[in-house]
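Enquirer: Just so you know, full-length UniProt numbering puts 96 at position 96 of the sequence shown, and the rest follows in order with no gaps.
If you're looking for bench data, these hints aren't it; they were derived computationally from the structure.
Nothing here was measured: the structure is a model prediction, and the numbers come from that model.
Hints may contain errors.
[Unchecked claim] Taking CB as the label site, the calculated pair distances span:
#1 ALA14 with GLN90: 22 to 28 Å
#2 GLY82 with MET26: 20 to 26 Å
#3 ARG44 with VAL92: 17 to 23 Å
#4 ARG44 with HIS76: 18 to 24 Å
#5 MET26 with VAL49: 15 to 21 Å
#6 ASN24 with GLY82: 19 to 25 Å
#7 ARG12 with GLN91: 34 to 40 Å
#8 ASN45 with VAL74: 35 to 41 Å
Here a beta-carbon is modelled for each residue, glycine too, at the ideal position from N, C-alpha and C.
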Amino acid sequence: MVIADARLKQHRVARAFGIRCYMNSMLEFGITQAASLQHAATMRNLIDVGHACMSALRLAEDPTDFSSFVREGVVHLPTAPGLGVQVDEQQVRRLTVASDPGNPRLTL
Numbered sequence: 001m002v003i004a005d006a007r008l009k010q011h012r013v014a015r016a017f018g019i020r021c022y023m024n025s026m027l028e029f030g031i032t033q034a035a036s037l038q039h040a041a042t043m044r045n046l047i048d049v050g051h052a053c054m055s056a057l058r059l060a061e062d063p064t065d066f067s068s069f070v071r072e073g074v075v076h077l078p079t080a081p082g083l084g085v086q087v088d089e090q091q092v093r094r095l096t097v098a099s100d101p102g103n104p105r106l107t108l
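Can you make the complete structure from the sequences, with help from the hints?
Expert: Below, the structure is given as structure tokens:
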């Protein structure tokens, strides 16, 4: 929640000063891309073009179907509930390097 609150505050300050915002990504899996896309869709002061939501296209093992939302260089909002992505839990388990059985936040 802290990150989401910080992003919301940044957005509000930028909007108050007439600053337009740009969404970018580094190398995140589709789940993060989907969250960023939903956030961007709520911003009234978003720059019209040039946002980088292509991380999932560069990652060979993304456990989501986010890349299916990118067509002809344009990312489209999903229509499914929540973040709108499907997560391959078997793929997530395969990519997990360690977990602590005593910590339910780390165990799938």
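Enquirer: Determine for every hint whether it applies to the structure shown.
Expert: How the hints compare with the structure:
For the pair ALA14 and GLN90, the supplied restraint of 22 to 28 Å is violated, since their beta-carbon distance comes to about 40 Å. The given range of 20 to 26 Å is respected by GLY82 and MET26, whose C-beta atoms sit roughly 23 Å from each other. A hinted range of 17 to 23 Å is violated for the C-beta pair ARG44 and VAL92, which are about 34 Å apart. Restraint check, ARG44 to HIS76: a C-beta distance of roughly 20 Å satisfies the suggested window 18 to 24 Å.
Hint check: MET26 to VAL49, Cβ distance near 20 Å, so the stated range 15 to 21 Å holds. Taking 19 to 25 Å as the suggested C-beta distance range, the pair ASN24 and GLY82 conforms, at roughly 23 Å. The hinted range of 34 to 40 Å is satisfied by ARG12 and GLN91, whose Cβ atoms lie roughly 37 Å apart. With their beta carbons about 20 Å apart, ASN45 and VAL74 fall outside the hinted range of 35 to 41 Å.
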